[in-house]
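Chemist: Quick mapping for you: the protein sequence lines, in order, are chains X and E.
As numbered in this note's numbering, residues 139 to 210 make up the first sequence, in order.
As numbered in this note's numbering, residues 66 to 542 make up the second sequence, in order.
Because the hints were derived from the structure by calculation, they are not lab data.
It is possible that some hints are incorrect.
[What the hints assert, rightly or not] Here are the computed distance ranges between Cβ atoms for each label pair:
#1 X:E196 with E:R523: 26 to 36 Å
#2 E:K234 with X:R192: 33 to 43 Å
#3 X:E164 with E:K257: 31 to 41 Å
#4 X:A142 with E:T434: 26 to 36 Å
#5 E:R524 with X:N188: 19 to 29 Å
For clarity, every value in this text was computed on a predicted model and none was experimentally measured.
Even for Gly, the Cβ is constructed at its ideal location relative to N, Cα and C.
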Amino acid sequence: MPRAVRGVLIECDPSVKAIILKYDEERHDYVVEDLDDDRHLVIKESQVQNLKARLGKELDEKVMQPDESESE
Amino acid sequence: MAAASSRSFEYLEGLPGTVFYKLYQQPATALAIFRRMLPDLAKCFVMALLYLKDPLPAVDLEAWVKPESLRERDNSLSILGRLHILANTTISNNVRAYMVTNPFATSLRQALTGTEQTQPFGVLSNVPETDLISVSDLDEYARRQWEGVLGYMVGTSGLGIQRDANLSKGVKQLLQAGHLVEIRDRRPEITKDGFAFVLQDVNTQVWHILILYVESAEAIGMDSVEVLSFLFLLSSLELGRSYEKKHLTSNQLRTLTDLADFGIVYQESPDASHFYPTRLATTLTSDSSALTNPISGSLSGPTGAGAASKAGSGFIIIETNYRLYAYTSSPLQISLIALFTTLKYRFPNLITGKISRQSIRRAIEMGITADQIISYLTTHAHPQMRKHNASKNASSMGVPPSILPPTVVDQIRLWQLERDRVKATPGFLFKDFVSLAEYEAPCRYAEEIGVLLWKSDRRRMFFVTRHEQVAAFLRRK
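One chain only, chain E, in its complex shape:
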């Protein structure tokens, strides 16, 4: 299962069973979950069971998996259970058996083989070929809107660079509600979560935003199930085709308008009779990556493939004297770098700056961590830096190759530590024990259950993170 979907998976997993029941009524949802959320082995199980009339005895199913792959089997079965796809039943003689639940089974069968029902995957509109928006235009639109969102978060406007992405109020509110930005002095400032968000790959970002959207939809009176199943429907549409809007409900139309702000769908105007899904939507539930143009491509975070495939995308050079050179003209990248660097010069395709104690502290005060900065720099390191270090590391086998100069990495971490002079842990201090014997027993007990932080035999005191069990222990005596 792709790492990108883990957040959406966690969100889905937390939903109550009744929500799943409603979600799985839609063939598009069943197919999307099947395609995106399940490990390969789980897919095999589902496909094998899908057309069986009777539940399959658990022993039979378990016999399909080799003994050395028990972990994968249990993992798959547990995921299927948590997503309410597979149900445990008993057939005659109390034999445990598995079956694919309804309506998931019905919907998936419909998705695979078609239905009498008109169009479970959206209705194509009859726009003449010549009026169709081209795929490259859609990509351009999606990229512009999405970068506008990211640009807003990192504050490109603060640099005096004017961006033409027109962000709606709804977008800004959503980012605030998700604690990705905070408004300070009327200016948005990126938060720790926001910085982590910006560093992720586009697909994960889109899911993150969509889950925020679904959560906020409930607050404004939209049915989250309806919104969610509409998102799954969007994800199964075809790029470069236009779809009719007249079959959509009012809530779905509203969602459509909101999603257009993010560049997930495109419509010529809010009143247009049809809409286009962009690549951001159509890659939601597939494994192919969204947006592969140079800038967004380089935005995709450390979750991607190995360093080799990303080697072409790096553009940052750091010297051991903390000077930083970044070959970019993207306002988004420049403002990202400006978050933790003191910039000095800007050329058409190059900016230079210096990582200093002040600039790192400024970033850390905003809630960005040293590790986030280091991982950003590593991800975007210039191919030349990778090459240089690869040749250097070839001699010292066993040491994991570091792309950045070790001095810089260490110093960034030290600068962060400087901020944390004290370590504070909330908890409870137990004191006033009459005798050493009375003190020792609960103290040892606290240590055993792993809540003890500090103790002093001399003063007969100890400090624990949780008091309930220790207090109960004392009462029992």
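Extracted from the complex, chain X is given alone in its bound form:
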């Protein structure tokens, strides 16, 4: 019997998806369904804000940025 599950479809880069899956391994509280391609997965609606904040923070730390010094 088919079922419908409420959730939020996330579209992202494979790298970002890997990070989300890593988060989920800790307590299994993000992912509703891993959609088995590189760019999509369904997560819980309640976790979207949390996930975005966490991702933003993590990517800020990890992604290399060109030198931002304000010197002329």
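Got chain X sorted already, so can you dock chain E onto it with the hints?
Modeler: For chain E alone, kept in the frame of chain X given last:
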């Protein structure tokens, strides 16, 4: 119809018919709506029907419009219907006919030809010529108050620039209630809506504020219809004249005091016996623009006329290396620019700064979008930048001229995209289909009704934005 009034139009349109009935009792309201909210063709219809005793058959009215202008005709008729000005009736032999509704018709006739009723457009007070406040003083007052409001929103005080506009608590609460600012750490911070608001032209801003005011008036027990019709009355007053207050109701007096905080009306003190409408009020329902002094003039947003007429007002130069120079001494403009720029030096008539990844991200975290920033910069670009790019673009015909350096525009957008690494869409995942056939039919159905976002034939799953119709489809089988 002027774009500036679209918000007020949307608001009015949402009101129930009974409100219109009460509003249209006032000649000033009927005239204001007639002047401001109607397209020209609709005005023609109203004027033609206004003095007719009997409803006009629809066929006759429709014959006035050339066949190639059917869209304009239908648009006008639909606007008139939505504002409850024109009514559909049937006369003998089931012929469809139009007529102007009452009390709109009566009120408009009164507004045009006068009435026995004393003064539908306010009572002039007998202030001696010498004591009258001059128009330029009123403009100055309106400008100061209005800039005070905008300055509060963008946080001029945060820059250490002291402003002398004394904003009342009511003003601040209204801005918060309208989600134009948010209070964080006891300091106001501009929101996305607020930034869009600041970029609009003054007339649109005033309407925006007034609609917020009318909405909030209901919450504190004032009759919104009374407030609204008072606003329309104000809009029909004459600039530079003073008006008696003693005929006003207590609610209207209260409104008057609140509006004085915004600079929409002026009174020497809350207890004065008369008041003056400022240019902000008198241009509410006319097409002429409010406040044309250099600073507010340059504030008028991208809704205005073409670039040619605004060419004189630009003051920002951006170089391809992201350096920004702004020839301004206005604290308001400086703090606006500071929202998305790292400022470096300040001279008496010039500030310099740099648009950087950090400064753009800071702005985006506050909810300002890249497009808003770009449109602000474009609107206020220095004439020299327009000239430079006009000559450059003359050779490459067909490409829309961009005033800002393309690298900067692209980079601002890229910096915003960097924030959005994931795209999240709430919805429903359908799964556990037994056979491929069972999966395919609802999936195709979801695609047809345009709710399908993602599907996987292999795993027999699909994701939709709305489930009701798909679920109903499954049940039907």
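Chemist: For a quick check of understanding: which of the numbered hints are violated here, in increasing order?
Modeler: Hints that this structure does not satisfy do not exist here, as all of them hold.
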